[in-house]
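There are 2 protein chains.
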Amino acid sequence: MAMLNSLSGYPEWLPEDRIVEQRMLQIIQETFELFGFTSLETRSVEPLNVILSKGETDKEIYCLRRLHATEEEADKNLGLHFDLTVPFARYVLENRSKLTFPFRRYQIQKAWRGERPGMGRYREFLQADIDIVDSHPLTVQSDIEILQVMGRILSVLPIPTVNLHINNRKLLEGFYRALEIEKINEVLRLVDKLDKMGEEKVKLSLVDDLKLSPNVAAKCVELGKIRTSDGVALQEQVKGFNLSHPLLTEGLDELCNVLTVLNSTGSSNVIADLSVARGFDYYTGTVCEGKFADFPKYPTVVAGGRYDNLVSDRGVKLPGVGMSLGVTRILGLVLHEGLVQASRKTPACVLVALVSEQHRQQSFIIANLLRDRGIPCEVYPRADKYGKQIGYADGKGIPYVWFPSETGDNFGEVRDLQTREQVVADPKTWNPQEDKLRVTVVKNEEVYKSFLNSSKYSKK
Amino acid sequence: MAMLNSLSGYPEWLPEDRIVEQRMLQIIQETFELFGFTSLETRSVEPLNVILSKGETDKEIYCLRRLHATEEEADKNLGLHFDLTVPFARYVLENRSKLTFPFRRYQIQKAWRGERPGMGRYREFLQADIDIVDSHPLTVQSDIEILQVMGRILSVLPIPTVNLHINNRKLLEGFYRALEIEKINEVLRLVDKLDKMGEEKVKLSLVDDLKLSPNVAAKCVELGKIRTSDGVALQEQVKGFNLSHPLLTEGLDELCNVLTVLNSTGSSNVIADLSVARGFDYYTGTVCEGKFADFPKYPTVVAGGRYDNLVSDRGVKLPGVGMSLGVTRILGLVLHEGLVQASRKTPACVLVALVSEQHRQQSFIIANLLRDRGIPCEVYPRADKYGKQIGYADGKGIPYVWFPSETGDNFGEVRDLQTREQVVADPKTWNPQEDKLRVTVVKNEEVYKSFLNSSKYSKK
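Residue numbers (this note's numbering), protein chains in the order written: chain A, 1 to 460; chain B, 1 to 460.
Hints in this document: simulated from the structure, not taken from any laboratory. Hints are supplied without guarantee of correctness; some may be wrong.
Here are some of the chain B residues that sit facing chain A, going by a computed Cβ distance under 10 Å [to be verified]:
no.: 1; residue: Thr31
no.: 2; residue: Ser39
no.: 3; residue: Gln341
No farther apart than 20 Å at their CA atoms in a straight line, the calculated lysine to any residue pairs in the SDA-like style are these [unchecked claim]:
no.: 4; chain 1: B; residue 1: Lys219; chain 2: B; residue 2: Asn185
no.: 5; chain 1: B; residue 1: Lys436; chain 2: A; residue 2: Ser39
no.: 6; chain 1: A; residue 1: Lys110; chain 2: A; residue 2: Leu48
no.: 7; chain 1: A; residue 1: Lys449; chain 2: A; residue 2: Asp294
no.: 8; chain 1: A; residue 1: Lys110; chain 2: B; residue 2: Gln127
no.: 9; chain 1: A; residue 1: Lys183; chain 2: A; residue 2: Lys193
no.: 10; chain 1: A; residue 1: Lys396; chain 2: B; residue 2: Ser135
no.: 11; chain 1: A; residue 1: Lys110; chain 2: B; residue 2: Asp83
no.: 12; chain 1: A; residue 1: Lys345; chain 2: B; residue 2: Lys98
no.: 13; chain 1: B; residue 1: Lys110; chain 2: A; residue 2: Thr328
no.: 14; chain 1: A; residue 1: Lys396; chain 2: B; residue 2: Pro102
no.: 15; chain 1: A; residue 1: Lys110; chain 2: B; residue 2: Leu25
The calculated label-pair distances, taken between Cβ atoms and stated as ranges, are [claimed, not checked]:
no.: 16; chain 1: A; residue 1: Val156; chain 2: B; residue 2: Gln433; range: 24 to 30 Å
no.: 17; chain 1: A; residue 1: Asn444; chain 2: B; residue 2: His136; range: 29 to 35 Å
no.: 18; chain 1: A; residue 1: Leu437; chain 2: B; residue 2: Asp253; range: 35 to 41 Å
no.: 19; chain 1: A; residue 1: Lys385; chain 2: B; residue 2: Ser97; range: 19 to 25 Å
no.: 20; chain 1: A; residue 1: Asp253; chain 2: B; residue 2: Glu421; range: 40 to 46 Å
no.: 21; chain 1: A; residue 1: Asp435; chain 2: B; residue 2: Lys98; range: 25 to 31 Å
no.: 22; chain 1: B; residue 1: Gly397; chain 2: A; residue 2: Met119; range: 41 to 47 Å
By construction, the Cβ of each residue, glycine as well, lies at the ideal position given by its N, Cα and C atoms.
Chain A on its own, in the form it takes in the complex (with noise of 0.2 Å):
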């Protein structure tokens, strides 16, 4: 083996850090599957022209090639793919001919990017997608749907609370366009930047850079300082600026519409936010973005939105609505930091004692009645003394060892190591603790509490 090498931006995590991530994607993939998605996993390279087709991700993109590979190679027209939502359009279109549509699918998988690690930013990723993707026009019930899913997943998970801010393409468009703005892309990427560069300096660059009136320019700030959870303020307050256009009305009675229906269904956590815009090209309608309520410098985890007009080709055009989760980015926070914990640092819930040498067969058999029965167990590997053994299930956080019988008579005792009982058992009908049998994860309250207020993501 040669020189280690630690990669930097390549997160790897210790046994009982990954028993956390499991378990949050268990948790991921029960809900989607809840609300009847289904799973896909496309390849992890594309083509560079369909990688490169969706806004300006080009200097992020990591190429393959063979090691020994000529120049004329196809393969070097491959790269690895930077999200999950650019090779999921072209899957639907590649197949959309065996699909039936609506189509609903999750989609959890790695994604690269070779940008310059930093706060919750990583080279090698774990996302976890929805989208719907449908042959007829999408209501806005759609989009509610997604936000729903992600809602209730992020209310489950063991982790700090989010706050989703929702937005509106269209209402942005609609002011805008009111207000005479003609680059629009380029107002939506500055605006979206109001919370990490300032409202004076939005302003300012607005006027200086994209050449706006001063008083267009507080106008578009003013509006993406608008926040509220109530659908009906925000409408007064949109109206406030006496502005007309069909988009800008499109838009805010789609965006009132999701949060009235959002709150009312008990999804708490969800607020208009009307800086929000997100950097792809390709949203057309509701926008939103999670962030953790108590962290909020620490970069977004959840984002996504409608697109109407990414999954198209040659006359083909189908409306999508989709969010991300950034499973690993919502790690990068909660292990580093020790805020979520792993009950043990294996499956195992019972260690099978080794007597001796001799004895093997035996521990084997305790061993195999026990796993038969659904109880994960490990035997052993050596004839230790006792304490060697028990100080090794210790270490791994495995609650029982089973001391099969040195005689042979019956099949032994077992030991419960944090209550020391010890009792004659039959692997045959024995059963561990309910909650001791599977390993659980859960927030680390106390970590939690001196980081909420020591932690550089916090509010000043």
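Use these hints to put chain B onto chain A, whose structure you have.
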């Protein structure tokens, strides 16, 4: 969206096929965990010097490069991993102070090889590995345990029967040393090809290329032809050569031990096959290859063995044993040929119909009540005629359609699309038939039978 490209060697499944894959992965994962193996994921990329340190695989490696990278950038020295064993060895060395030994992990991830795609051979494929690595010497019991886990998985998966062909490198090496052969690895590699090349060609190559005497070559081939499931018969046949070497004795004893224990614990389909050697240089003891019993011409679907020196660096040396299941390779046969299929195309058990746009809230409420009770469902997106809504459910194989009441005095009725029964029901208490709640995956016995007789992978 740019022009579509289908890429050879990068398989993608349709939703119903992905469900088969998911179900298989679930069985694999559950079994790994029953044996107390903990999950691990390593990054997809490794420094090229790590990748290239093991065996002759350089031609197959995909290197990474940022699209706009300069020549000097470090990124150009990264490649996608071609298996999960080498990254695992690197991970263990890098983290050995934080791990508890014996370290038992499983790893289910994609790997990439720039090979020419062919029968069961892909450029991107999914592997499921288990390994045990220890800081003490490992006994042959660990080899047996790894084989037990894989044997159990293969017997539970809804796939054609797989035979595990086992051998021992020490046995082969001892045998060759007793014959005073010097090019041990070269002979190993040729004997490993007995199945593909046939007896005569291997013999010829041993004599012509490796300069063995015809007598010695014949003995190597004779040894390689031994196949038996009986430990006693194995001892007799090998001893019949009247050769003696400590490694030969040790290897033969280990192989008999493995065979005897596996037979006695009910692992069927285990065969001592003295032609098996495995390509990689790092194996030092037990080696194993699993092949479909009825499709001997299809390549190996599971493989692995003991490696006592792979995990080593500057004075540290950790023995290990592991096996790798070729998930994509198995699916490449069973999905392509339709031998296995899912009961429906979606996790959804119920389609909640939409009466009219005004009744949408009602459909949402019914769906959420079902979801709260763990029943996966989706709401039809438009107020189409009921016939069309039923047709949609039918097309995806969703077993039930829920019709909300048009008057709103109750929750409406639910229809079983198979029995055509329709009953008044309450989403707070209604239950689907138990076998319809979750999508199931079964062997398609009819297809299987006709494939067995006609397949190009079958025996002549």
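Verification of the hints:
no. : hint                            : result
1   : Thr31                           : holds (9 Å)
2   : Ser39                           : holds (5 Å)
3   : Gln341                          : violated (15 Å)
4   : Lys219/B / Asn185/B             : holds (16 Å)
5   : Lys436/B / Ser39/A              : holds (18 Å)
6   : Lys110/A / Leu48/A              : holds (18 Å)
7   : Lys449/A / Asp294/A             : holds (11 Å)
8   : Lys110/A / Gln127/B             : holds (16 Å)
9   : Lys183/A / Lys193/A             : holds (16 Å)
10  : Lys396/A / Ser135/B             : holds (16 Å)
11  : Lys110/A / Asp83/B              : holds (17 Å)
12  : Lys345/A / Lys98/B              : holds (11 Å)
13  : Lys110/B / Thr328/A             : holds (18 Å)
14  : Lys396/A / Pro102/B             : holds (11 Å)
15  : Lys110/A / Leu25/B              : holds (17 Å)
16  : Val156/A / Gln433/B: 24 to 30 Å : holds (27 Å)
17  : Asn444/A / His136/B: 29 to 35 Å : holds (33 Å)
18  : Leu437/A / Asp253/B: 35 to 41 Å : holds (39 Å)
19  : Lys385/A / Ser97/B: 19 to 25 Å  : holds (24 Å)
20  : Asp253/A / Glu421/B: 40 to 46 Å : holds (42 Å)
21  : Asp435/A / Lys98/B: 25 to 31 Å  : holds (27 Å)
22  : Gly397/B / Met119/A: 41 to 47 Å : holds (45 Å)
Checked against the numbered hints above, the structure violates only hint 3.
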